[in-house]
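Taking the hints into account, I'd like the entire structure generated from these sequences.
Number of protein chains: 2
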Amino acid sequence: MKKIIECVPNFSEGRDLEKIEKIVNPFRGKDNVKLLDYKRDEDHNRVVVTVVGEPDAVKEAVIEAIGVAVEVIDLRNHSGQHPRMGAVDVVPFIPIKNISMTEAVELSKEVAKIVSEKYNLPVFLYEKSASSPDRENLANIRKGEFEGMFEKIKQPQWKPDFGIAEVHPTAGVVAIGARMPLVAFNVNLNTNNIEIANKIAKNVRFIGGGLRYCKAIGVELKDRGIVQVSMNMTDYTKTALYRAFELIKIEAKRYGVSVAGSEIIGLVPMEALIDTAVYYLGIEDFSMEQILETRIME
Amino acid sequence: MKKIIECVPNFSEGRDLEKIEKIVNPFRGKDNVKLLDYKRDEDHNRVVVTVVGEPDAVKEAVIEAIGVAVEVIDLRNHSGQHPRMGAVDVVPFIPIKNISMTEAVELSKEVAKIVSEKYNLPVFLYEKSASSPDRENLANIRKGEFEGMFEKIKQPQWKPDFGIAEVHPTAGVVAIGARMPLVAFNVNLNTNNIEIANKIAKNVRFIGGGLRYCKAIGVELKDRGIVQVSMNMTDYTKTALYRAFELIKIEAKRYGVSVAGSEIIGLVPMEALIDTAVYYLGIEDFSMEQILETRIME
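Those protein sequence lines, which keep their order, are chains F and B.
Quick note, the working numbering runs 1 ahead of the 1-based positions in the first sequence.
Quick note, the working numbering runs 1 ahead of the 1-based positions in the second sequence.
Keep in mind that the hints were calculated from the coordinates and are not lab data.
Keep in mind that this is a model prediction, so the values were computed, not measured.
Hints should not be assumed to be uniformly reliable.
A pair counts as met if it fits within one copy or between any two copies, since identical chains are not told apart.
DSSO-like, lysine-lysine: derived pairs with alpha carbons at most 30 Å apart [as the list claims (entries may be wrong)]:
1) Lys3 to Lys98
2) Lys98 to Lys216
3) Lys40 to Lys3
4) Lys153 to Lys223
5) Lys4 to Lys31
See below:
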C-alpha cells in the first residue's frame with residue numbers, strides 16, 4: 002500500500018510571479034509528487050504550496066524548492082502583513098495515508114538536517130517534531146520575526162535544532178515539523194454583533210478552556226452583515242467537527258442568537274466529515290472500510 | 002482520469018465451494034480488475050460478487066465468469082430461499098468514478114449482446130438499461146422464476162432484449178443492467194413492536210407515497226428486543242440518507258417511539274455520507290473537490 006504524505010510549505014514571496022514559478026517548479030513533472038495547489042497573497046507577500054505524494058519523492062522535491070527559495074528571496078527587502086522569519090517560513094509535513102505521525106516526524110527531521118547543512122539554514126523543529134513544549138507552537142518560535150531573530154537565536158533556549166546559531170543573512174531561519182491536517186471550519190451566526198462571536202470563540206477554543214484541538218476567533222462578514230466563529234481544527238480525529246458545531250449552538254443560545262450555517266475553507270480529509278455523518282445518523286459499528294472509495298484506493 | 006465501474010453479479014450457487022471458486026476465479030489476478038468481496042449464502046444458495054475496475058477489463062472478466070457459471074450451474078437441481086431465474090441471476094453495472102450512467106448503460110448492453118450470443122442465454126435489460134418501464138424492476142422480470150420462465154418468455158411482452166425467446170435449459174435467463182449504487186441503511190427503533198416498524202416503513206418508502214428512491218420493510222432484531230426500518234436507498238444522490246432518517250424520526254413520534262441508532266450494511270459511496278455531514282453542519286457552498294482524498298485519487 003502506497004504511503005502518502007502532504008507538505009504545505011510557506012514561502013515569503015507573494016508578488017514576483019517569476020520568482021514564485023521558480024520556487025514551485027520543483028513540484029512539477031515529478032513521479033509520485035502531485036502539486037495540488039499554490040496560493041499567493043500579495044498583501045501577505047507569501048505563497049502557500051500544497052503538495053502530496055510518496056514520502057521520499059516529496060522530500061526530494063521540498064528540499065529542492067527550499068534551495069530555490071533561499072536563492073531568490075531576500076528577506077532584507079521583504080514586507081508584508083503576514084509575520085515571517087524566513088524565506089522559507091514554515092514547512093509542515095502531514096501524514097495522509099498508510100503513514101504514521103511517527104514516520105512524518107522522522108521525515109521532517111531528515112529534511113531539517115539536510116537543509117540546515119546544504120543551505121546553511123538554522124532549523125527549528127515545531128509541532129509534533131518539537132524538541133521541547135515551548136517549540137510546539139509556531140507563533141512562539143516566530144516571535145520577533147526575521148528582524149528579531151538575529152538576537153533571539155543567541156539565547157540558549159532558542160538555539161536551533163539543526164544548524165549553527167547564526168541566522169542566514171538573507172533567508173533567515175525556518176520551522177519544519179509534522180502535524181495533523183488542519184481543517185478551517187467557520188460557523189456563521191445570525192447577528193452582526195462581533196462581541197458575541199468573540200465571546201463564543203473564547204469559550205470553544207482550547208486556550209479559553211474549550212476544546213483541546215480548536216483555535217478560534219470572532220470574524221465580521223461585513224458583506225453579509227453577520228459574524229462568524231472562525232476555527233482551525235488542529236486534530237479532527239480527537240476534536241470532532243460536530244462537537245465544535247454543537248458547542249457553538251449551545252453557547253449562541255446564551256445570547257439569543259442562532260447558527261446560520263457554516264463553511265469549510267480549502268481541503269478537508271474525508272474522515273472528518275464521515276465521522277460527522279456517523280454521529281448525526283447514529284450509525285453503529287461503522288468502519289472506514291465500508292467507504293467504497295477507500296477500497297478502490299488501496 | 003481513470004474510469005471506474007463496479008459490477009455485482011449474483012450467481013445461483015451458494016453451497017458448492019469448488020464451483021463458487023471456479024466462478025469467482027476470472028476476477029482474480031487481472032490488471033485493472035479488483036475483486037472486493039464475494040459473499041455466499043447457503044440458505045439462499047447464491048453468491049454475490051463485488052468487483053471494481055476499468056470498464057473494459059471488468060466487462061471481459063464478467064463475460065468470462067458468466068460463461069463459467071452457465072457451465073457449472075444446473076438450475077434444474079437448484080433450490081434456495083432466494084428467488085432466481087438463472088444460473089447468473091442478475092448482473093448490475095454501477096458507475097463509480099469518471100463514468101456516466103449513460104456509459105454504464107452502454108456497457109451493460111454490450112455485455113448483454115455478447116453473452117446472449119456466446120452462451121445462448123436470453124437477456125432482459127433492467128433498471129436504467131430497461132427497454133420499457135415494466136422491465137425496470139427486477140422483481141417484475143423474475144416473477145415466476147426459472148420454472149415459470151419457459152411459459153412466460155413466449156408472451157410477446159416478455160420477449161427478451163437479447164437472444165431468442167427460449168430459456169437456456171440449465172442456465173435459465175439473466176437480467177443485466179446499469180443502476181446507481183445501493184445503500185443498505187437501517188434505522189433502529191426503541192420498541193419491540195414490529196407493527197410500528199412496518200407502518201413507518203410503509204410511509205417512508207416510494208410505493209407507500211414516501212421517498213422516491215427508498216425501499217423499506219420492518220424487521221425484528223430479536224436478539225436486541227427492538228425493531229428496525231430496513232431500507233434500500235436506490236439513488237442517494239436524489240433521496241438523501243438524512244432525509245429518510247429525519248422522516249423516520251418524525252413518523253416514530255406518532256407512536257411515542259424514539260430512534261435508537263442506525264446501521265449501514267456493506268459498502269457506501271463516500272458522497273452519501275459527506276452529503277449528510279454537509280446537511281447537519283449547514284456547510285455553505287461545499288464542493289466534493291474539497292475532499293482531500295478525491296484530489297489524490299484523480
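| query | If you check each hint against the structure, which ones fail? | reply | 4
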